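Here are the chains, one letter per residue:
2 protein chains.
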Amino acid sequence: MTGAESVINTAVAAGIDVCFANPGTTEIPLVQAIDNVAGMRAVLVLFEGVATGAADGYSRMTGKPGLTLLHLGPGFANGIAYLHDAKRARSSIINLIGEHATWHIPADPPLNSDIESLARPVSHWVHRNQSAETQASDMAEAVAAASVFPGRIATLILPNDYLLADVNSQAELRPIAAPPKVEPETIVEIAKLLRQSRPSALFLGGFGLRKRGLQAAARIAAATGCQLICETAPTHLERGAGSPHLLRLPYFPEPGMEMLAPYQNVILAGARNPVTFFGYPNIRSYFVAPEQNLAVLATPEDDIAAALEALADELGASANAGVMIDLARPERPTGRLTPETLARAVAAVQPEGTIIMEEGISSTRNFFQLSNGAPFHSYLAQPGGAIGLGMPCATGAAIACPDRPVITLQSDGAGMYTLQALWTQAREGLNVTTLLCNNRQYQILNIELRRAGIEQIGDKARTLIGLDNPSLDWVSLAKGMGVAAVAVETAEALTQELEIALAEPGPHLIEVRL
Amino acid sequence: MTGAESVINTAVAAGIDVCFANPGTTEIPLVQAIDNVAGMRAVLVLFEGVATGAADGYSRMTGKPGLTLLHLGPGFANGIAYLHDAKRARSSIINLIGEHATWHIPADPPLNSDIESLARPVSHWVHRNQSAETQASDMAEAVAAASVFPGRIATLILPNDYLLADVNSQAELRPIAAPPKVEPETIVEIAKLLRQSRPSALFLGGFGLRKRGLQAAARIAAATGCQLICETAPTHLERGAGSPHLLRLPYFPEPGMEMLAPYQNVILAGARNPVTFFGYPNIRSYFVAPEQNLAVLATPEDDIAAALEALADELGASANAGVMIDLARPERPTGRLTPETLARAVAAVQPEGTIIMEEGISSTRNFFQLSNGAPFHSYLAQPGGAIGLGMPCATGAAIACPDRPVITLQSDGAGMYTLQALWTQAREGLNVTTLLCNNRQYQILNIELRRAGIEQIGDKARTLIGLDNPSLDWVSLAKGMGVAAVAVETAEALTQELEIALAEPGPHLIEVRL
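These protein sequence lines are chains A and B, in that order. The first sequence begins at 1161 in the working numbering and counts up one residue at a time. The second sequence begins at 1161 in the working numbering and counts up one residue at a time.
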């Protein structure tokens, strides 16, 4: 057995069976190992950002580590942006990096670089393997490091000579620890707070946004009248008919602060104390005002579902208390395509169990509200802000859940970062429908310029904001990567094409001309 | 004046007049500054790797720093791979990164990250600005840091609140030091070596491959009979008719070592001691054998052209000694498209003064030899090995030299990394013709698998090597970004389409189906 095979064997033993890969020469032994070891699926991506973004989506849907295979420092570097996003999403990812042979590094070959320095900002755990026989145990440690609840990023650097070496090693997998329970005193204190002083908001995030946590949250709301609010960009929110009604904290600070202002208490439940995306002059960093009472039921690293259930019990809420949303789709929209009619079209036809990946602010902003009563679905957003995550993350989600349709609500500017994901969707025959929202500009920058008080945008600034001249033809781009594509200019056409795309197997792209 | 304007003013004062940009919210003040300050051109790219690769190409052709504008840590991260390449190419680049407002960073907003850790491996100089009034002087220092011969990478992190602040500062630019002269004793010693012991090879790299250095090298060869050899992947080689004949060190170790083996002395002239790209079992790291005599005339950081001239003078070579290549184009090729007929087609029609950017190993390997006698041209290769540099670098070269045609010899696998460059070529109306060599695989990995002794490639390994299923349709991809495109399947069609593309203004892509 080669060192590389001992690594892949360990991964398979840990239940990891998909590898998102773009290998190079130093990873050839790992390519061979994937070939030789049963139970590991290889998914080729044409750019490393697709690998890390797909690993994120895969982890969000399975709870298992998403595995990537990346080529040296520069290959890893191409994946950093979506590891940043994955770290903010608290996803679980293991990156395997083939490194030069140890004896070759002193000669500083062209692709040599300081991989650790690149890896540390986006990894909780970085390790350089030191010998052939310890590769399997290093991989076991990587699995353990990545499996800390709710998920961490582990990066393992594997020198080529050790990967090639004959070894005789098998690693024992570490038991995965359950997330820490919230102390009973905390539950009692929060219950007291909710009973005594009002109004209160329960600010939910992380695993607090999955079914189990939300059912408990609904009981808490029924018992206390508190408002349920979810973080701006949830990692994985299970929602729609049968789920409780949530407000979502808006992206921009002013409406977000306005939403939270009425509440005397803001109780964090699996969410961080919310922070504005950017710092604007004369606006504070935190959405919650200093005079509001901020309390923590559970951090994102705690067993938030259990904490919510314990709190509901402490409050004496009956097991089936809680108002759930009835199925109520919007009517099929007609007329001009706008962010609103786009949202109505999706919510009108999305099948039960759909996975929605949303990457966009201006074009996709209406979806969340208008899909409240759509059939039960998973909603994935982008908590890290490194744009371009949408199509890769949708790709990984589709591989994780082959029986569930995936719809990507994708803004055009961000979509151009990682359009290579479409090819992997085509090759793997994934049931992903991308609604490419083409407004021909970085609309968010337009908004930010106006927020900054610039009324007259000059020619050079316009150059840096516009995606026009030439316009991107997303139908051509998708077809060039083997994905069936059409463009639509009316809400009727969008609804119709979306139904066709959802009915046919394999990926589709619909260019939504806004 | 804003802090951002003081930065852009300083750049313009230093003669920097192009900025390759993909700004975000934190860079809005720099967008406004570019708008307000005369003399700075803004070039929008749709992915940051295009910005850094274009800055590299721009620097290679102008000798000036290529300026980029990147968004926070993740935006910078997307440009790292081609900063790695640019560092290996010894290009001059200044990266401006808009950072969060200083007062907002303690709240750890979503896009917050350790930018310095990401920047250090690919920068010679990294600095975080500490106050509004020092932004102009920090920029002056960045210019100085990037201008150390032959070129360095400087990364300047500019907090948003300082960029927005009113300032009253103007920075004095530092004088740019001339590169160090090689000691006269070294010249005398190398001359003695060349006279006394033979055979010798003069191994040329860096600025030793520009016209002035090569003319001196030709005199040295005429005087001593030494062989002129150039490094495998030159940053900018001026060659063709009227230049001396050079061998190029092959990519793979065995033929490279075979090429160098006959020489008792290998004299480095602006090149590193050559190292194999990867470490292979039972093959040494360095091309030059321990028993050969390795001598250094000049490092890449020295004034190599002056050193070569001094050596030619010391050897008593007359000013016009040296055998130069006569104009001798290959015949127009006919028949099947192969790496050889592809190379012949280009060399048969490339105009005087063409800039050739080559990124490829397997598909483009014949061009160098077959274009020896083509009209004078610049040849740019990829010394760093982070694939995807080709189209961005060609974009920057075309902006640097609007009067010279650019031909990109681009392999398909690498091309998919940064296809977004085509859009910038279209928007800027650049005279770039991309020959997209579509062999539908990562052919280099195929070769490496065979080198590793794997005769039977399994299904999963084949998955990770093949770019087929589905095939990429580069004509669609190019058209989707506004670039005129055709596919060709014969050498005749390629030659004809290449002539059409070269005659028409603006970018073209020819998919060469190998």
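Simulated from the structure, these hints should not be mistaken for laboratory data. Keep in mind it's a predicted model, so treat the numbers as computed, not measured. Any given hint could turn out to be false.
It does not matter which identical chain is used: a pair holds within one copy or between any two.
[What the hints assert, rightly or not] Using 20 Å as the maximum straight-line C-alpha spacing, the simulated EDC-like pairs for lysine to aspartate or glutamate come out as follows:
id: 1; residue 1: K1620; residue 2: E1398
id: 2; residue 1: K1341; residue 2: E1276
id: 3; residue 1: K1620; residue 2: E1588
id: 4; residue 1: K1620; residue 2: D1177
id: 5; residue 1: K1620; residue 2: E1301
id: 6; residue 1: K1371; residue 2: D1473
id: 7; residue 1: K1352; residue 2: E1512
id: 8; residue 1: K1371; residue 2: E1512
id: 9; residue 1: K1620; residue 2: E1474
id: 10; residue 1: K1371; residue 2: E1664
id: 11; residue 1: K1620; residue 2: E1500
id: 12; residue 1: K1620; residue 2: E1491
id: 13; residue 1: K1352; residue 2: E1301
id: 14; residue 1: K1620; residue 2: E1659
id: 15; residue 1: K1371; residue 2: E1276
Alpha-carbon proximity between K1620 and E1491, which holds within one copy, between copies, both or neither at 20 Å: Intra 43 Å, inter 46 Å, cutoff 20 Å: neither.
Intra/inter-copy verdict for K1620 and E1301 if alpha-carbon distance must be at most 20 Å: For K1620 and E1301, neither the intra-copy (51 Å) nor the inter-copy (26 Å) Cα distance is at most 20 Å.
Identical-chain pair category, K1620 with E1588, by Cα at 20 Å: between (42 Å within a copy, 13 Å between copies)
Status of E1301 relative to K1352 across identical chains (alpha carbons, at most 20 Å): neither (42 Å within a copy, 59 Å between copies)
I want to check one pair: K1620 and E1474. Are their C-alpha atoms no more than 20 Å apart within a copy, between two copies, both, or neither? neither (60 Å within a copy, 54 Å between copies)
Please sort K1620 with E1398 into within, between, both or neither, judging by C-alpha distance up to 20 Å. neither (43 Å within a copy, 34 Å between copies)
K1371 and E1276: within-copy, between-copy, both or neither at 20 Å Cα: neither (38 Å within a copy, 40 Å between copies)
Have a look at K1620 and D1177 and pick one of within, between, both or neither, based on CA distance no larger than 20 Å. Classified as between: cross-chain Cα gap 13 Å, same-chain 49 Å, threshold 20 Å.
Within, between, both or neither: how does the pair K1341, E1276 come out at a Cα-Cα threshold of 20 Å? Classified as neither: same-chain Cα gap 33 Å, cross-chain 36 Å, threshold 20 Å.
Could you place K1371 and D1473 in one of the four classes (within, between, both, neither) given a Cα distance threshold of 20 Å? within (17 Å within a copy, 82 Å between copies)
For the identical chains here, do K1620 and E1500 meet the 20 Å Cα criterion within one copy, between copies, both, or neither? neither (31 Å within a copy, 44 Å between copies)
At most 20 Å between alpha carbons: which applies to K1352 and E1512, within, between, both or neither? Answer is neither: 38 Å inside a copy and 83 Å across each miss the 20 Å cutoff.
In summary, the structure is inconsistent with hints 1, 2, 5, 7, 9, 10, 11, 12, 13, 14, 15 from the numbered list given earlier, while agreeing with the others.
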